[in-house]
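2 protein chains.
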Amino acid sequence: MVVVIDILRATSSITTAIAHGVEAIKPVESLVECRQLMMDGHIGAAERGGKKVGGFEVGNSPFSYMNPEFEDKKIAMTTTNGTVTLKKSKGALQVLVGSFLNYSALLSYLERLPCDVLLHCAGWKGKVNMEDTLFAGAIIYGLKQMFEYNSDAPMMAANLYKQAKNNLKAAIEDSSHVSRLIKLGLEKDVDFCLKFDEYKVIPILKGEYITKLKLSDMLF
Amino acid sequence: MVVVIDILRATSSITTAIAHGVEAIKPVESLVECRQLMMDGHIGAAERGGKKVGGFEVGNSPFSYMNPEFEDKKIAMTTTNGTVTLKKSKGALQVLVGSFLNYSALLSYLERLPCDVLLHCAGWKGKVNMEDTLFAGAIIYGLKQMFEYNSDAPMMAANLYKQAKNNLKAAIEDSSHVSRLIKLGLEKDVDFCLKFDEYKVIPILKGEYITKLKLSDMLF
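Which chain is which? The protein sequence lines are B and H, in order. Take the first sequence: its position 97, counted from the start at 1, is 97 in my numbering, and no numbers get skipped. Take the second sequence: its position 119, counted from the start at 1, is 119 in my numbering, and no numbers get skipped.
Which copy? The list can't say, so a pair holds if one copy fits it or any two copies do.
Straight-line alpha carbon distances no greater than 35 Å define the calculated DSBU-like cross-link-like pairs of lysine-lysine that follow: (1) Lys144 with Lys51; (2) Lys200 with Lys183; (3) Lys73 with Lys51; (4) Lys200 with Lys212; (5) Lys90 with Lys125.
No lab work stands behind these hints: they were computed from the structure.
Start from the sequences and build out the full structure, keeping to the hints where you can.
What follows is the structure, encoded as structure tokens:
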């Protein structure tokens with residue numbers, strides 16, 4: 001069982017899209033593939049380095065996925081880190097999408113699971129980042145030692161979360177990616193992505209598409 | 001510039017040995033190589049999984065390196081994680097050995113350096129661990145943003161250190177490796193390895209051997 005985490009902003013945007021009625025999202029790695037799927041009736045979503053790529057309908061802002069016109073539509077999405085992490089997670093028993101926006105829904109599913117869980121943080125271009133680690137820490141903190149740890153990393157993430165939980169924004173303000181987004185004028189995206197429990201959906205990658213986790217998908 | 005960090009216990013023991021007058025330490029990866037060097041007049045030091053390996057003179061306890069008989073002698077040393085990390089660091093401008101035992105000496109060298117610094121934590125069998133991260137955090141905290149960060153990892157380590165600094169032992173007690181050492185009856189080793197500034201030496205890997213950093217080695 002893998003939970004993919006890319007708080008700023010891929011997994012927050014995916015959660016938002018699925019919560020707002022998007023039927024399915026296909027994560028793809030390249031802009032070329034994304035463009036081909038646009039011709040095939042998908043809405044094209046592409047972000048690189050924090051910015052929407054020209055010629056695509058949306059970028060990676062969660063607000064752009066609240067569009068009622070996207071209801072029951074399919075989206076092809078490519079982002080700097082998030083979609084790569086989703087693709088790398090394939091082969092797991094289930095691949096879920098986590099964000100603060102669906103924290104409690106995810107937590108109540110995880111705490112009933114009879115299997116190992118890997119919290120797969122996207123980070124930034126192959127390196128660890130603060131916001132994804134804090135969310136992983138929030139999950140570990142919330143699970144209250146129901147799981148054994150495979151290394152010290154979960155404990156470290158939970159400690160960082162405990163230290164930061166009363167002011168998550170302050171804790172990530174110095175982080176590389178957050179400064180980058182704020183410089184790009186995306187502070188309202190950052191604020192939204194740090195909100196707990198806006199939605200109750202759990203997106204799940206099944207085959208090539210991310211859809212809403214249904215009762216029949218649940219492993220208990 | 002690389003600082004190798006394996007708090008429990010390789011880099012703490014190396015610091016202790018060099019401070020107590022050992023002439024040079026050759027880190028080797030295999031027990032076979034270590035044994036060959038014993039025949040060649042070296043003192044043989046070998047640890048695996050926290051325990052001294054049979055047939056060698058010392059293991060990985062810092063106390064065993066306080067032996068006056070080792071003064072001006074050469075040691076061949078192989079440990080589970082530390083020596084591998086030292087070997088992987090070869091090729092850097094300089095490879096230094098860091099531990100709480102020589103914290104301030106190391107810090108005052110690093111803060112005057114005109115180059116990038118990589119804090120290379122040994123961890124445990126390829127995974128991150130708490131005690132090495134806390135020491136890296138102590139260095140980053142001590143350097144007070146004299147350096148820019150290459151990712152969020154240094155900030156995360158410094159935050160963990162800030163949270164833990166008034167009681168380092170409590171912070172590492174739940175860590176995988178510490179529980180392992182305490183079970184092996186090595187709590188006094190853990191306590192010693194968490195002491196700040198017992199020594200003023202900075203061990204440096206030059207060629208195949210670790211010796212004491214001299215004034216003529218300094219890069220400023």
